[in-house]
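Trainee: Each chain, written out:
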Amino acid sequence: MKQRLAVIGNGMAGVFTVEQILKHNHDFEITIFGDETHVNYNRILLSSVLAGEKEVDDIVLNDIDWYRANDIQARLGLRIDKIDLANKTIHSAQGCTTTFDKLLIATGSSAFRPPIDGIDKQGVFVFRTLDDAKHLLALSGTGVKAVVIGGGLLGLEAARGLQLQGCEVTVLHLGTHLMDRQLDFTGGQFLKRKLESLGITVICKASTMAFTGAGHVEGVRLTDGRTLDANLVVVAAGIKPNSGLARSAGLDVNKGIVVNEYLETSHPDVFAVGECTEFNGQLFGLVAPIWEQGKVLAATITGNRGPVFTGYTPATKLKIMGADVFSAGDFDDQRDGVECVRLEDPALGIYKKLILRDNKLEGVILVGDASDDHRFMDWLRNGTDLTDQRRHLLSPAAAAGPGEDTAALPDTHTICGCNGVSKGAIIEAVHTHGVCTLAQLKDKTRAATGCGSCAGLCQSLLKAVAPDYAEEKAKVLCECVAFTQDQLREIIRSQKLKGVQEVLDIYGNGIGCEVCKPALSYLVDVVWQGDHNEDRSARFINDRVHANIQKDGTFSVIPRMRGGVTTPAELRKIADVAEKYNVPLVKVTGSQRIDLLGVKKQDLPHIWEDLGMRSGQGYTKGVRMVKTCVGSTFCRFGTQDAITTGVELERRLEDLFTPHKTKLAVVGCPRNCAEATVKDIGLIGQEGSWQIVVGGAAGKGVRKADLLITVESTEEALEAASLFFQYYRENGVYLERTYDFVERLGMEKVRRDTVYATDAVKQGLLDRLQRSKDRASDAWLERHNPRPFQFAPIEVAPNGLVQIETEENAHV
Amino acid sequence: MSNPQWVPITAIENLPLNEGRSLHWQGLDIALFNLGARVVAVENKCPHQHGPLVDGMVSNVEGRVTVTCPLHTRRICLDTGQIIKPATAGPCVRSFPAKIEAGVVLLQKGRSEAEAA
Ligand SMILES: Cc1cc2nc3c(=O)[nH]c(=O)nc-3n(C[C@H](O)[C@H](O)[C@H](O)COP(=O)(O)OP(=O)(O)OC[C@H]3O[C@@H](n4cnc5c(N)ncnc54)[C@H](O)[C@@H]3O)c2cc1C
Ligand code: HEM
Ligand code: SF4
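Here the protein sequences line up with chains L and V, keeping their order. According to my numbering, the first sequence holds residues 1 to 812 in order. According to my numbering, the second sequence holds residues 1001 to 1117 in order.
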């Protein structure tokens, strides 16, 4: 007959152990009891759910099909409140009784709720379960004042999540510095500064006395008399093991359920695993040691008693983008016989500290840059003798060639600390399962599915090993600054970086190149809606002199001619200028305007002055033109006023930058004379309404634009076009035309996020567009205030007299 | 051989950081770059198809400071004058001795570095 194995706790430890048991030969009939109603999910990623980076479905570890496929009974929503060891039964609060042959306790821990006056008020939460996260998400939003009690890992991740949801967040921390269990004072100070630069208020040495308010929380009172407003409170004051159930059953329990190196408890048929356990006086709060426990326990319980659990080296990583923290081992430098190696760079916010004894690493703290945590963890785990490495402990010699950094790692090296996946295991997955993408690797080995910080290392390993390595869709911008554009937007926003050089200094190689610098220039402009630090050295020459460089080094000048409408006076001026400056070629372009080609750089500002017209942005990734047809103004078929509408559209969007060039057109009827159906944005007039179409192209490839929406009034049409325009600016990848953009996102999503979005979202897009517009101006006005020798060559000063070029003595 | 003489060219303020500025000098077209710690002067002519290097972007190839020609993105090492990306064995750009002293950019009268070498 099969043995009945009952598992109490449907969490990360319990289910992982069951997975390990399934790998052994066993004859268990397994039932898992869990008081949460969800299937097993990745608790670590609750922070990402709160931050809006992950959906609930993304963090499921074992879906219901897994339980079925493995003949596991899942009793979800049942809380066990009694264990009867004499009769070998367990009892649920709902009144059912189950008999077991072997019992596995994996009840985890609970958030500690300190006895603060008013802690039961509505709006005061802890952060432990998916339900907690959902409640917090429901209540958070712009204008909400949130207070987080506790500046440890959990509290800070909760704070960042709430802040990303729009809350105004204050962290109250009792200790002298943040994460005081993992960081020394200096490290805590560096972290505090990082978080403050992200917009989170941090108050240390703050002791909470009471939560005030009638029914729902309204404030937090401190013992020093201060009171802070709060509509939402998260208490993250630590965790305590759920060991009460075992204690009342008569098992040996200290703080946690006492287990030996085989994960056996004081009763021969009862085992325990996870955060509810205590081993050698050690308690647990991270998954890495729990996985070790699970593997050992699976062996013990299936009759393969042998492997032992030996405790662990604590290692912590804070999962807040832009506030990297890593800490492992014992970082106390006051102990006898230890040496301390430190690096502090306040400008970059980087702090690193290594604690050594006899040339071996005992502890490490990294703040601001935790990119090489693996190296330190390895030294720590293996007790590596570092005598030969003393000269470059903090800055390793650069890898000689691509792939060498991963090649240098031993096969036993743990790549994914969360899930205990070694380099060898990854290579094996590549060879036996033909894994060639990160997604497949996650599926086969679980690597990079925990906190995700090893994803980069997994990628480079795959690249080196997998013959059919396929780059993930999310490509990094450039080798100079190896982040995806989405990450860069987030970095620029959250780190308040307003200039290209700052981004390159902090997140890149400090120099950049012609690929990344224009992209970064675009990103800082869009993120800060024009309120950025313009850096011309990061722009292509076209954007330094506002003209299009030609194959002979001369430039072309295309004045703006909104809607392709001009006047005799304007044409006369253009003719005069062309003659005065001996312009070699005058050409009517495909964009309904006139191009003066072959102009010398030093003539540019004079030509603009003589023309007195605006820049047509024919040289940049920005708004090119709005072509129009005659429309109802003169055309026999015209149903809408294409010219007035097109001119107005151009006026609203001109001078702005876009991920790639943006061409628009407005036509008065579906005969489409100005080809609106092959433009990035087109307005097509019909009887009593406008169709707005987007994503069209008539270049190397031809793509008919997709319908965004049909609206009645001209004002609505202009608004719909503006919504799409700003949405493309904010979400397009630099150098992505709208026709690729709409295909990547899908028109359903585009419509949902623009014309069908809530009023608040639409207003947000329009407001940000307006702010950018308010700060934008005609680039050619720079002629009045040129930069030193922007256009003309330097003239060598006669007799060694050197002048600084200023506005007054500029050659204009 | 004539005595090399350093000639003041312009105030360093006239060379924005990492941007090129052009200059006619000894019958040649020169591109000057202010790289922060130093200035470099090269002939303003890409060996590939004579693009104006002065209009290029300062960038890097594996840690070496380069300028990228605006016409066909050849990357030219500002220290050796060689096109290093795409790697070719073609001719180098001529470079000229340049330095900053008391906030003034100086060029040496006489020959280019290539000829002097
Ligand atoms: C927001 C957050 C972020 C975290 N980040 C990290 C991180 O970056 N890295 C890291 O290593 N760790 C992190 N952790 C910790 C990690 O999630 C835990 O170490 C891990 O989940 C512990 O697993 P466990 O199975 O012991 O406990 P749990 O996952 O809590 O599972 C215990 C389960 O048992 C259930 N249960 C308890 N009592 C009973 C009962 N009487 N009857 C029925 N069911 C019961 C509980 O409801 C729960 O579902 C984080 C935790 C949180 C909350
Ligand atoms: C480096 C290469 C190119 C340069 C410098 C260039 C430059 C320009 C400029 C400056 C204009 C705008 C004229 C104006 O604003 O009035 C223009 C328009 C246009 N270009 Fe290009 N172009 C290039 C490549 C291409 C290619 C490869 C195609 C097609 C495959 C193309 C198709 C068009 C079309 C169709 C227009 C007309 C705009 C319209 O009516 O939609 N161009 N080009
Ligand atoms: S598109 Fe229609 S309205 Fe416009 S010119 Fe052609 S026929 Fe006339």
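No lab work stands behind these hints: they were computed from the structure. Think of the CB as a built atom: it goes at the ideal place given N, C-alpha and C, for glycine as much as any other residue. There could be a bad hint or two in this list.
As the list claims (entries may be wrong) - Estimated spans, in silico, between C-beta atoms of each pair:
hint	chain 1	residue 1	chain 2	residue 2	range
1	L	Asp330	V	Pro1086	33 to 43 Å
2	V	Glu1101	L	Leu394	47 to 57 Å
3	V	Gly1063	L	Arg181	55 to 65 Å
To be verified - Calculated lysine-lysine pairs in the DSS-like style (CA-CA distance at most 27 Å, straight line):
hint	chain 1	residue 1	chain 2	residue 2
4	L	Lys442	V	Lys1099
5	L	Lys762	L	Lys498
6	L	Lys2	L	Lys295
7	L	Lys551	L	Lys54
8	L	Lys54	L	Lys2
9	L	Lys121	L	Lys102
10	L	Lys762	L	Lys704
11	V	Lys1099	L	Lys551
12	L	Lys475	V	Lys1085
13	L	Lys121	L	Lys88
14	L	Lys463	V	Lys1085
15	V	Lys1109	V	Lys1099
16	L	Lys54	L	Lys749
17	L	Lys551	V	Lys1085
18	V	Lys1045	V	Lys1109
Trainee: Next step is simple, just say for each hint if it's right about the structure.
Mentor: So, going through the hints one by one against the coordinates:
no., hint, in the structure
1, Asp330/L with Pro1086/V: 33 to 43 Å, "violated (52 Å)"
2, Glu1101/V with Leu394/L: 47 to 57 Å, "violated (36 Å)"
3, Gly1063/V with Arg181/L: 55 to 65 Å, "violated (40 Å)"
4, Lys442/L with Lys1099/V, "violated (55 Å)"
5, Lys762/L with Lys498/L, "holds (25 Å)"
6, Lys2/L with Lys295/L, "holds (22 Å)"
7, Lys551/L with Lys54/L, "violated (48 Å)"
8, Lys54/L with Lys2/L, "violated (40 Å)"
9, Lys121/L with Lys102/L, "violated (41 Å)"
10, Lys762/L with Lys704/L, "holds (26 Å)"
11, Lys1099/V with Lys551/L, "violated (32 Å)"
12, Lys475/L with Lys1085/V, "holds (22 Å)"
13, Lys121/L with Lys88/L, "violated (40 Å)"
14, Lys463/L with Lys1085/V, "holds (23 Å)"
15, Lys1109/V with Lys1099/V, "holds (13 Å)"
16, Lys54/L with Lys749/L, "holds (17 Å)"
17, Lys551/L with Lys1085/V, "holds (20 Å)"
18, Lys1045/V with Lys1109/V, "holds (20 Å)"
In summary, the numbered hints that this structure violates are 1, 2, 3, 4, 7, 8, 9, 11 and 13.
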